[in-house]
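Listed below are the residues making up each chain.
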Amino acid sequence: GAGVSQSPRYKVAKRGQDVALRCDPISGHVSLFWYQQALGQGPEFLTYFQNEAQLDKSGLPSDRFFAERPEGSVSTLKIQRTQQEDSAVYLCASSLAGQTPNYGYTFGSGTRLTVV
Amino acid sequence: SQQGEEDPQALSIQEGENATMNCSYKTSINNLQWYRQNSGRGLVHLILIRSNEREKHSGRLRVTLDTSKKSSSLLITASRAADTASYFCATDDGNKLVFGAGTILRVKS
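Chains as they are written, first to last, in the numbering used here: chain H, 351 to 466; chain W, -13 to 95.
The set of hints was computed from the structure by calculation and includes no laboratory data. Mixed in with the good hints there might be a few duds.
[Stated by the list, open to error] Straight line, CA to CA, 30 Å or less: simulated DSBU-like cross-link-like pairs of lysine-lysine:
{"id": "1", "chain 1": "H", "residue 1": "K407", "chain 2": "H", "residue 2": "K428"}
{"id": "2", "chain 1": "W", "residue 1": "K42", "chain 2": "W", "residue 2": "K56"}
{"id": "3", "chain 1": "W", "residue 1": "K12", "chain 2": "W", "residue 2": "K42"}
{"id": "4", "chain 1": "W", "residue 1": "K12", "chain 2": "H", "residue 2": "K407"}
{"id": "5", "chain 1": "H", "residue 1": "K407", "chain 2": "H", "residue 2": "K361"}
{"id": "6", "chain 1": "H", "residue 1": "K407", "chain 2": "W", "residue 2": "K56"}
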C-alpha cells in the first residue's frame, strides 16, 4: 500500500481484556517498529522486526506484551490482561533499512487504546 | 527512556515569523532526524542530518547539528498556520530511533 496502515484506529478495552493491534507496513519494507506514545510524550520504543525476525524486544514493558510478524509483512501487537497504564497510542513504523536507521521511518496513524 | 530533550516545550508565534526548536542528546550518534506530528496522527519524517554534516536545508526547514555540544536545532522560516504541530528529534540507538519529548508549536493566523 501507499502508507503504513494500522487498525483499529481506536480501541476501548475493559481492564483484564486481551487486545490485538494490527500493522500493515509499506510493501517491501524490511524493518518494522512498534512504539508506545503516552499523552504529551514522545514515542517510546517497544520492539523491532527485520523481516520476520524479532531482533529487539527490549522495550516491551511486561510479559503481557507480545508482538509477531510471521511472514515478514503484517505485524500484530498483542496485549494480554490489559491494565489502565496500557492506555496510550500505539504507533507502528516501517523502513527500507536493514539494521541501522539511516533512513526515515514511515509511521502509521496509530491505534489509540483506552483501558477502562 | 528518551535520549533527546527538546527545548522549548511549547512555542507560540504569529504566522510569518520564524520558529526555532532545539534538541540535546546524550550519546554519540550516526544521524539525527526531525519528525512532525499533527494532533491525533502519526509522525511524519521531515529531515535527516548525518553526524558528519553541520547544516541541512529542505524547503522552509533548516537543521543544524553540533556534535561537540550534542545538540541540534530546527528552524522553520515564514511559518504558516499549517505548521502547528508537535516536533520531535530522534537519534539512532543501535537498530532503533529514540525520540525526545517534543516541542509543541502553535502558529497563530
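Taking the hints in turn, this is what the structure says about them:
no.	hint	result
1	H:K407 to H:K428	holds, 13 Å
2	W:K42 to W:K56	holds, 16 Å
3	W:K12 to W:K42	holds, 21 Å
4	W:K12 to H:K407	holds, 22 Å
5	H:K407 to H:K361	holds, 23 Å
6	H:K407 to W:K56	holds, 27 Å
The structure shown violates none of the earlier numbered hints.
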